[in-house]
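Asker: Residues per chain are reported as follows:
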Amino acid sequence: MRIQTRRLIEWVDSRIGLTETMLRPGPDYSLNVFYWLGALIVIAFLVQGVTGVLMLLYYVPTVDQAYASTQFIIKYVPLGGLIETIHLYSAYAMILLAFMHLMRGYFVSVQKKPREMMWIVGMLMGVVVLGFGLTGYLLPWTVISKSATDVTIGMLSFLPGQLAPVLKFLIAGPGSDAAELSRFFDLHIVVLPAIFLVLLAFKMYMFEIHGASEPTTGIVKRVRAVPWFPDILLYFSMLSSVFLFILLGASVLFPLSLPPQFTPEAASSYVPQPEWYFLSIYQILKFSFFEGPAAVVPLVVVSVALAVLMLLPFIDRGSERNPGRRPIYTTLGVMIVLELIVLSAWGYVTPGQVIPDSQAIIIVAGVALSIVILSWLTYRTRRMFHSNHSAGGSLVRFIETPFRFPFLTIIFILLLTISSAAFAISMNLLPSAASNPLSLLMSGLVAVSSLYLMSRIVQKLAVRQLNVGDSS
Amino acid sequence: MRLHEEGVRPLIAAALLAFMVIVAAYLWFIDLLTKQGEFTIFLGAELASFSLLLYLSTRPSYAEVKKAWFLVGCLAIAFFLTLAILK
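First to last, the sequence lines map onto chains S and X.
Under the working numbering, think of the first position of the first sequence as 1, with each following residue one higher.
Under the working numbering, think of the first position of the second sequence as 1001, with each following residue one higher.
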């Protein structure tokens, strides 16, 4: 039986040739989760497809029935609530994974020769993924989703010339709610999936030609070829099941509860905000110096930035891929990530508020400046470490100490927090010391004993580091 | 009993498989309309067990099984079972 099975597999494989192409052995360094972020995006897309098809059996894309049919799915369809929740969270996962995949590729310079076209196709796929998020979010027709989509579509109005009305007509139709919902539905279930699949096929074809990118650090002397079956298949299955498990965990802990249906009356009392993946752009539009006609400036800047990112293979022409030896690009990348996170969080906590100029400058420039300074210090320290300069050596040992002894560092930080709090309480109690002597004594004792313990830890760390320095 | 000892891996794998079979049987007969939450929780436990089983299978020897990841997998299963009991 086993011989017959093996013969059958060999017959099929000799006709299709999978073990020579898609299922050929891979390099052992590719058994790393960062090499599989793209595959996880495809898994998320498949989950979206399956849950989307199940919901299509009941969903009605009209203004009157959209909300009611969504509610019907959640309340009366077996596992309907779970399907809706998983569809939402896998959409979020798809966008987050696409961003991680992009930034991982950026930092290890996968866009360099010969993978330039893969980078461009990948960027286009990222735009399509954002399009999925935009179009799908409107479909339940809740007050939050409709208001958020109106805000996002409204941002198009700031584009120059005839671009705004043309884009708005293509995406949202002639202007009625029914046309908008119908177009978003068509885009979400037909147009965008078709574009995504074509781009995916093209990217997979190029991946078959070029293979996985090599690691950037060190020279890969002997690459061990790992067979697809069972090694790579088991590894991929493990990652996929962990991903699905995390999706289910999120669905259990944070099940979807449908907000109220959209009506103009309900929308008037609600402060609209776009979804989290558009919050950063929306936050920039809320800066007071971009009010009115000046709102076109940030949109143009963001569009140019996206275009620059897409054309990065033709801008960064050097052959160096190690992020440790590309300080400018690495610093820019870290800056992009942190600014996006800070702007999104800031946008979430300031819904509908116009941001004063001074605040905008302090926060945006402050984050950028901090990254530049930290990056300069890091790269300078690395250079000193590698040149074995004695002053650099002691600086390196000083910076390395907290990371070499993490347990002691954590205790030190805890003691610092306790002593700071106790010291602050003592200072507050001082004016009325006579009325509260016991509390003052207790907080003073806590502050002093914490300071003593901290000094002992610093002494221990210094001795350990000296011993480490001597032995090296 | 330590992870790297002979015979421990088949024992753990068998235990995980048995757990998965029992949960799958329970999920087959559960009422999907009234017990959606329970279904989700047990499906999560099933996936966590499957992930742990696959992780053990990807390690060529038990010496390569990292205790931290093994513990994370067990905690994930325990987390879902605790949720199931509490609900």
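Don't take each hint at face value.
Unchecked claim - Just a few of them, taken from the derived set where beta-carbon distance is under 7 Å, the chain X residues facing chain S:
| # | residue |
| --- | --- |
| 1 | L1033 |
| 2 | T1034 |
| 3 | T1040 |
| 4 | L1047 |
| 5 | A1048 |
| 6 | S1051 |
| 7 | L1056 |
| 8 | V1072 |
| 9 | C1074 |
| 10 | L1075 |
| 11 | A1078 |
To be verified - If you want a taste of the chain X side facing chain S, the calculated C-beta under 7 Å gives, among others:
| # | residue |
| --- | --- |
| 12 | V1008 |
| 13 | L1032 |
| 14 | L1043 |
| 15 | G1044 |
| 16 | F1050 |
| 17 | L1054 |
| 18 | Y1055 |
| 19 | S1057 |
| 20 | T1058 |
| 21 | T1082 |
Honestly, the hints are just simulated from the structure, not real lab data.
We put the CB at the ideal spot given by N, CA and C, even for glycine.
Asker: Using the nearest Cβ pair, does T1082(X) come within less than 7 Å of chain S?
Answerer: violated, 11 Å
Asker: Can the hint on L1056(X) be confirmed by a CB-to-CB distance to chain S that is less than 7 Å?
Answerer: violated, 10 Å
Asker: Once the shortest beta carbon distance from G1044(X) to chain S is found, is it less than 7 Å?
Answerer: With Cβ-Cβ at 4 Å, under 7 Å, it holds.
Asker: Is the shortest C-beta separation between A1078(X) and chain S less than 7 Å?
Answerer: Where the cut-off is 7 Å and the nearest Cβ of chain S is about 13 Å from A1078(X), the hint is violated.
Asker: Does the nearest C-beta of chain S fall within a distance shorter than 7 Å of the C-beta of V1072(X)?
Answerer: It is violated, given that the least Cβ distance between V1072(X) and chain S is near 10 Å, above 7 Å.
Asker: So, L1075(X) near chain S? Judge it on the closest CB pair being under 7 Å.
Answerer: violated, 12 Å
Asker: Taking 7 Å as the limit, does the beta-carbon of L1043(X) come near enough to a beta-carbon in chain S?
Answerer: This hint holds: L1043(X) lies near chain S, its Cβ roughly 6 Å from the closest one there, short of 7 Å.
Asker: S1057(X) was flagged as interface toward chain S. Is the shortest Cβ-Cβ separation under 7 Å?
Answerer: Check passed: Cβ of S1057(X) comes within 5 Å of chain S, closer than 7 Å.
Asker: Verify the interface restraint on C1074(X): the C-beta must sit less than 7 Å from at least one C-beta of chain S.
Answerer: Violated: closest Cβ of chain S sits about 13 Å from C1074(X), beyond 7 Å.
Asker: Less than 7 Å between beta-carbons is the criterion; does L1047(X) satisfy it with respect to chain S?
Answerer: Interface hint status for L1047(X): holds (4 Å vs cutoff 7 Å).
Asker: Does the interface hint hold: is F1050(X) within less than 7 Å of chain S, judged Cβ to Cβ?
Answerer: holds, 5 Å
Asker: Quick one, is the A1048(X) hint okay against chain S at 7 Å, beta carbons?
Answerer: holds, 5 Å
In this structure, the hints that do not hold are numbers 2, 7, 8, 9, 10, 11, 12 and 21, in rising order.
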